[in-house]
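Peer 1: Listed below, chain by chain, are the residues.
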Amino acid sequence: MSAVRVCTEHLEPGMVLWANVSGMDGGVLLGKGAPLSAQDIGLLAEADIPWVHVQRESIADPREWEERTCLEYVRRFFVFVNPDEPFFIQLFRVAVRRVLDARRHGFDLRCADEIQARNVEHMSDVFFRNDLTVDKLVLHETQLASFPDIYFKLKQVIEEPNSSAREIAQVVGSDVGLAGRLLKLVNSPFYGLASRVDSIERAVSLVGSQELSTLALGITTINFFKDIPPELVDMRVFWRHSLSCAVFCKLLADYGGLPRERMFIAGLLHDAGRLLLFKDLPYASVQAMLYARSNMLPLPDAEQDVFGFTHAQVGQRLLAEWNFPEAIVAAVGHHHDAALTPDSAEAATVQLADILANTAEISAGGVYVVPGCSSEAVASVGLPLADITKVLAAHDAAIDELVKALL
Amino acid sequence: MSLLSGSLTLRSAPKVTPEEFTALREFIYGLTGIDIPAQRQYLIENRLGPRLGELHIPSFGEYLKYLKFSREKDAELKQLFELITTNETSLFRDTKQLEVVRDKLLAPLLESLEKSGKKELRIWSAGCSSGEEPYTLAIMLHELLRVKLMSWRIDIMAHDLSPAMIAKAQAGVYGEYSFKTTPPDILDRYFTKRPEGFEIKANVKRLVRFATLNLNDQAAVKALPRSHIVFCRNVIIYFDTEMKKKVLSGFYDNLVPGGHLVLGHAETIHGVSRVFTPVHHPGGIVYKREG
Ligand SMILES: C[S@@+](CC[C@H](N)C(=O)[O-])C[C@H]1O[C@@H](n2cnc3c(N)ncnc32)[C@H](O)[C@@H]1O
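Here the protein sequences line up with chains A and B, keeping their order.
By the numbering used here, the letter at position 99 of the first sequence is numbered 99, and the numbering carries on one by one without gaps.
By the numbering used here, the letter at position 9 of the second sequence is numbered 9, and the numbering carries on one by one without gaps.
Only chain B is shown next, with the shape it has when bound in the complex (with noise of 0.2 Å):
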């Protein structure tokens, strides 16, 4: 029997209702600071409603129940972290703004550690999604210090609230997808050819530290080390106004002084913290610590 003879619908998950929409808006904020606005409530339909398809639950509210009481409450987080946060990235994004990074930030840091006798260098990539971003990062170091890099001790520490991403990152292998921007001779020199994609190389990936951590968790933002660079590049576009706040004050307090932050280029702290000075380069602004 055909599939088109019954009479189709549209909706493919359950309704949710406002009461719902609401509980599981607080629940997903204050978890993760991800604010969802209140006319996207097809979003948790289209997103969350297969979900609860697999587990055989019938409305919004018994997944709540689900998410805060069962057993399996731990796995299903993370399940949850899954569908509601979007990893969209890619090797050498935003060209434009990574040269601005080496240039004016990178190149001459380097530089006055090295005077300084003090060959050590920390960069956060804060929601560094699958990997590409801190990669990205450890390629343009290799690059400006060459063989010199041996003698420095560089730490790349790489955050992400999503434990399949760290996972993916960790295994370091791309398809063709996050290689759109990637100039063709740092992809011979810094991966290795396989069949399902290519591989970082060893040297790339033993400068990168990667783990999960909650930006929403200041205790544990506390409890990092100090950085002098920290990027959080189209992640705080998802927080609204208290909790970009919060974040940004942990940024704040884990630069050294004189450090910077790189947010994505669409994003603005505008109207939202005025602890950091921004600094227009062509090709974008950066925000800095004063020291």
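Okay, chain A solo, but in the shape it has when bound (with noise of 0.2 Å):
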């Protein structure tokens, strides 16, 4: 006999209990070795009891079963996206065979009710609703703090059309941190130069110095955010996510013919204006999470019934502050709704890699839903559906390198 976990909602009658489930008092709520009658469910779920183990000779048909928990842990993370695009109905099959096939290596699911917000009530947050822009929001925060000199002197180098190589990788240089990731970064297979850099000047030469310098300056940024709250997010579960989004901006920005540094910046950079909520309204995003949760809404538009913004809007805004390449800040800005700029497709392709990176996910554990994206945007990137399990495949085979490299 063996055991095997089991979601209180994933539950059903005749199962058997392995071990005795104890109740809020201590004392034995269920007891092991007898079926499971559908009100014994109800009562685990009333008590909030998020999985139990049970024999796994009790399943009646388990393969049917582990297949059907599956797809319905997976169709979860689809709710609002339309269920007849052809790209999302891929996206879908091809994740219900990455979780079947994970959980048959030793992946549990996460549980409904493990996924319950936190407790934050000793948060509190810079402002109060009725006095909330995101200009407030930005500009608090931007006058505030500072970049490092580096960002500046790389800002410099920029927008001086005629600087040398030796000149960029002076300045990048200077920061041995900085430059000893950039060259991890170009090194590595992901990016696939043909030979091995070892220097700066050597990278600027096959990037180029435009091209760098954006790299340099986003990596810059991952080190801005320093003080946010662990209990709201996990920082490095944030940066991965975004160091994915990138990889698959990158991979992405070839179908459309896209500058892929750059768009590699965006991706990573997407997220930014969440960061700077959880710093200034760290209570009150955390209600936002559970809005949008409970009510089956994707995250912007809980946003913009709790705050009345997006954190889109917010990140656009402080990039822009931060004098960001315009194609990026528009790039950010638009990620959730990259149909309703005129110049698409670079906003599209971060959307699209969001909800990528977001499928990638579902199989390591991760518990965001996958935002919807609407049919045109999805056609403006140009990938076609046959590819989306190689560019899957792509990202897995380089991300966890590239998070050492840079993270």
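These are calculated hints, taken from the structure and not from any lab test.
Each hint should be verified, as a subset may be incorrect.
Calculated pairs, SDA-like style, for lysine to any residue (alpha carbon to alpha carbon, straight line, at most 25 Å) [stated by the list, open to error]: (1) K104(B) <-> Y283(A); (2) K136(A) <-> A220(B); (3) K168(B) <-> P13(A); (4) K180(B) <-> V233(A); (5) K180(B) <-> G26(A); (6) K245(B) <-> A220(B).
Bring the two chains, given one by one in their own frames, into a single complex with the hints.
Peer 2: Below, the structure written as structure tokens:
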């Protein structure tokens, strides 16, 4: 006999508990050994017990059950997308396979009750809803904190079209950490340069001065948000998602003939607005997430209701304030509504990359639902359905190494 | 045969046509004041779709007819309420705001009522969901008054649209999730442990009166007795401006002069109503009906 962990929402009458389940008072709520009734399952749900162990042998048709619950599980992530859009149908199928696969290799599904909000009652917000605007929020931040010197030096170099590779190398080289991470990035197999690059100067001549400086600028930003309360966001998880999105952006850039480095950075910074919200409105940010989850709303919709604007708008304003290239600023600002911008290819690429990143995370325990996207935006990226699996595989092969190199 | 060998579809509910969506939206709005914006069509499909499946109703148009004309329509409306409302709540939700309520509203109010010799207090919890909010207020009053509570007449009216939530509130038994922000000593003093959860004690329970009530029903709202404080947290966020106006004016009329309205942390009446005076405290804003 063996035990299997089953989320309460996937329990079925007839399954047999492997061990006693204790109740809130420490006593036995349900004893092991007897087949569960529908009422018993209701009781477990009432008591907020997220999962239990049951006897594998008591599952009538384990294979069928496993597939059915995986399907149900993945479906929950796809509630905001157009279920008739071929791209999403294909993505859904791929995601189901990935979850089934992961599960057979020991991945436990995240149960509905585990995905609840944490206690953030001790946090307070800098602003009240009454006096809250994107401008106030962003200016409050940019006036308080300043970027390291290197940032301004990089900006100068970028704005000066005749900067030589040596000049750029000097600026970048003055920050040893930054130089090291840049070299790791361009030397990664994902980056696909033909030969090994061991100096920034060489990197500049291979990648291009504008491109390399944009990368440097983006990487500098990662360090900018340090003091976010860890109980709100796990910064590693946050940046890993951002990096995933960056990787997909770069992969997708090729389909639309867009500049790769620029897209990579747009992907990396697409959620910068969320960090600002977490920093200055921690309590309301959690309310927005809760509101989104309990109302089955996409996060930007929930933010609109709770704050009166979205994290995309905050990110756009922030990056504009920091003088990032206009194309990056616009793409970040519209990464949830790409079809609404006139020049939408870049924004659509970030939007789709974000969707792919979320999909990739489902089988790794990610809890964020897949954001929706209009069919026009999907079409404008030009990714053939047949390539979805390939793009996901390319991402999977690259992401761990990049996380190590950059985070 | 494997479920995956066929071609897997993503659609799990009938498609709602634009006409059906508009008709449903208007129906729900007229009934509850809850406004479902046009871009949330998938929300309707995903929330109501499974119910259509259970009833073997093939389309949203048919479902609307069922809601309007079938013999089961009253029972079905209750089901619909369950599906479209969100009952997310917890005990001691937003502690900072509750501290403001305790120190800046309740304490001075109790004192002045006591001085004037009228030891009667009424609080209205509008949109109380499964009861955590009114019970939290009842516990706060116990903590403030202690043994003196015996000499007071305290009435906490608590209402919700959803009959299922009111039933749960009346049972007063809560799972772990409801307690995520409750101080442990409060838990010990005011709840009894049961295997299926913690049950609120009778001395708290008797301060609260639960009933179903639709805030969109102006006649029912008018018929309620006057209150010193109205709590309506995380409810009006679901309403459009017109409905917000209507509900806020109902609260205004219900409050005694000098009484206060408390909204959710993220809610504002900025640009909706000007009859209340916002009072800022570190920790939250409360709204006063001038005396
Ligand atoms: C998110 S809960 C808020 C619970 C509690 N006040 C709190 O803040 O924790 C919102 C509640 O409002 C109720 N509601 C929505 N529309 C309503 C209406 N028209 N009349 C009465 N209650 C309504 C819902 O049933 C739901 O229980």
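Peer 1: Now tell me if each hint is right for this structure.
Peer 2: Now for the hints, and whether the structure bears them out:
no.: 1; hint: K104(B) <-> Y283(A); in the structure: holds (21 Å)
no.: 2; hint: K136(A) <-> A220(B); in the structure: violated (42 Å)
no.: 3; hint: K168(B) <-> P13(A); in the structure: holds (24 Å)
no.: 4; hint: K180(B) <-> V233(A); in the structure: holds (18 Å)
no.: 5; hint: K180(B) <-> G26(A); in the structure: holds (18 Å)
no.: 6; hint: K245(B) <-> A220(B); in the structure: holds (17 Å)
Checked against the numbered hints above, the structure violates only hint 2.
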